[in-house]
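Assemble the whole structure, with the sequences as input and the hints as a guide.
What follows is the residue order along each chain.
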Amino acid sequence: MREREVPQEGNATLAGHRKAVYAAGEDGRLRLVPSRGWEVEEIVTRQAVDDLERRAAEAHARALSGESSPLEYHMYRSRMDLELLAQTTGIWRWRVRRHFRPRVFARVSPTLKARYAEALGIPVEALERVE
Amino acid sequence: MPEAFLHTHAAHCESGVMSSLLRHSGLPISEAMAFGLSSALAFAYLPCIRINGLPLISFRMPPRAIVKGLQRRLSLSMRFETFRSPADGTARLDALLDSGKLVGLQASVFWLPYFPPDLRFHFNAHNLLVYGREGDEYLVSDPVGETPVRCARKDLEKARFAKGALAPKGLLYYLNAPPPAPDWSLLGRRALARTSHIMLHAPLPLVGVRGIEILARRVERLPLADGGERARLYVGNIVRMQEEIGTGGGGFRFLYASFLQELASVAGHAALEGLAGHLVGIGDRWREFALAAARMIRGRDALAPPRLAALLRALAGDERIFFRDLLRAARAWAR
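Residue numbers (this note's numbering), protein chains in the order written: chain A, 1 to 131; chain B, 1 to 335.
Certain hints may be false.
Said to hold, decoys possible - Simulated DEER-style distance windows between Cβ atoms:
1) A:83 x B:75: 37 to 45 Å
2) B:317 x A:111: 52 to 60 Å
3) A:83 x B:298: 23 to 31 Å
4) B:113 x A:9: 39 to 47 Å
5) B:62 x A:103: 40 to 48 Å
6) B:203 x A:129: 48 to 56 Å
7) B:136 x A:5: 42 to 50 Å
8) B:47 x A:94: 29 to 37 Å
9) B:185 x A:57: 56 to 64 Å
10) A:3 x B:317: 36 to 44 Å
11) A:93 x B:227: 26 to 34 Å
What the hints assert, rightly or not - Every beta carbon over 10 Å from chain A, so not counted as near; a handful from chain B, in silico:
12) 4
13) 9
14) 32
15) 163
16) 201
17) 318
18) 322
Unchecked claim - If you only want the chain A side, here are some residues facing chain B, beta carbon under 7 Å, derived:
19) 20
20) 21
21) 45
22) 60
23) 82
24) 84
The hints are simulated quantities; they were obtained by calculation from the structure and are not laboratory data.
Nothing here was measured: the structure is a model prediction, and the numbers come from that model.
Note that CB positions come from ideal geometry on N, CA and C, so glycine has one too.
And the structure:
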């Protein structure tokens, strides 16, 4: 990549930051050049974020209709999946999955709820609601 | 601190941290040299490790390879500390900063508030430097940022004690003594041979050039039955690993090419100049692959996994030739 080819396309995903890439100057030497982003990067990052947001939206709808507990929604909202939430909280996967059932979740002890809330970085009251 | 700390922008967090840390302690070393001398360039396709249901594809060695690799090769006197309790970890960080140390940390990207929101994924092996503290705010030099930033104590603590895969456990590291003067040619020669061996002769076929070929086969067979939704996510994931996660572009290939140029001039082995040029060409072709994939994801071109697979195979072929030449150059240099 030549220095003048370094993309400066102003990616929204970089939120105004510039990232460093290496490119060759006129003399052929590579150096570090700040880049405002490449559309390709924006496409793939948005794709990943959109996928996570879609999962959160689906879980949101399920939580509102009573098919699923708010825990599932908050998990996706924190960009986690079952695997990661289980690892972060130290609660077995089957148990987390069980807590996705609204009736089971209603009976989860306050200590366990605090563990979920801590892992997701939200207050316990927020964990019990979907807004 | 004896001298004011100077922040530098880097493509990759770990090589950037080590470059700044060593430079501040009196050994000027560029990010590219830090990356190359620790033999950090690689390729690995790890289908057994899944992130949100997608396989891990890495263009470099696993996290901590650069820090540990440089520690060993440059015979650095370093200390690494992890903590069971966040309070201990924070207290220790404060004590080290008060004694004037420059401290490297491992942290999760997701909990760092200064990161752009769209880039905050649960990646636990991010590296950054802390060079001071003002009240409840740390002065942070995150190499992937253009300027130093500030981070609140509770946020940094959360990020340092994130759990899950590669959990940092509050890891901090610092230099105990100034680094000794290295023999660049010897280190360089060994690093080149090691990287070539990883790319050509790794015992596991998922690593190195063969890993690229296996990935190509997997891409070729991506099912399109569901309208291509899964296939688009799959190739998007490859491109994200290649371009988006502090790679310096082209899956670290440009960064490594920069290392070859620098090594050529520092150690006076001119053959490396030509190899650097080849590697820049390979990096450009990785970027062409990324562009082709992104156009398919956006629907500007028809989704055609076999076309992407062909590009990957061509890349595998190019890299095989390149690393054979590199190994030959490293051996010729030894004589």
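| request: Please flag the earlier hints that this structure goes against, numbers listed from lowest up. | output: Hints 4, 8, 10, 13, 14, 15, 22 and 23 contradicted; others consistent.
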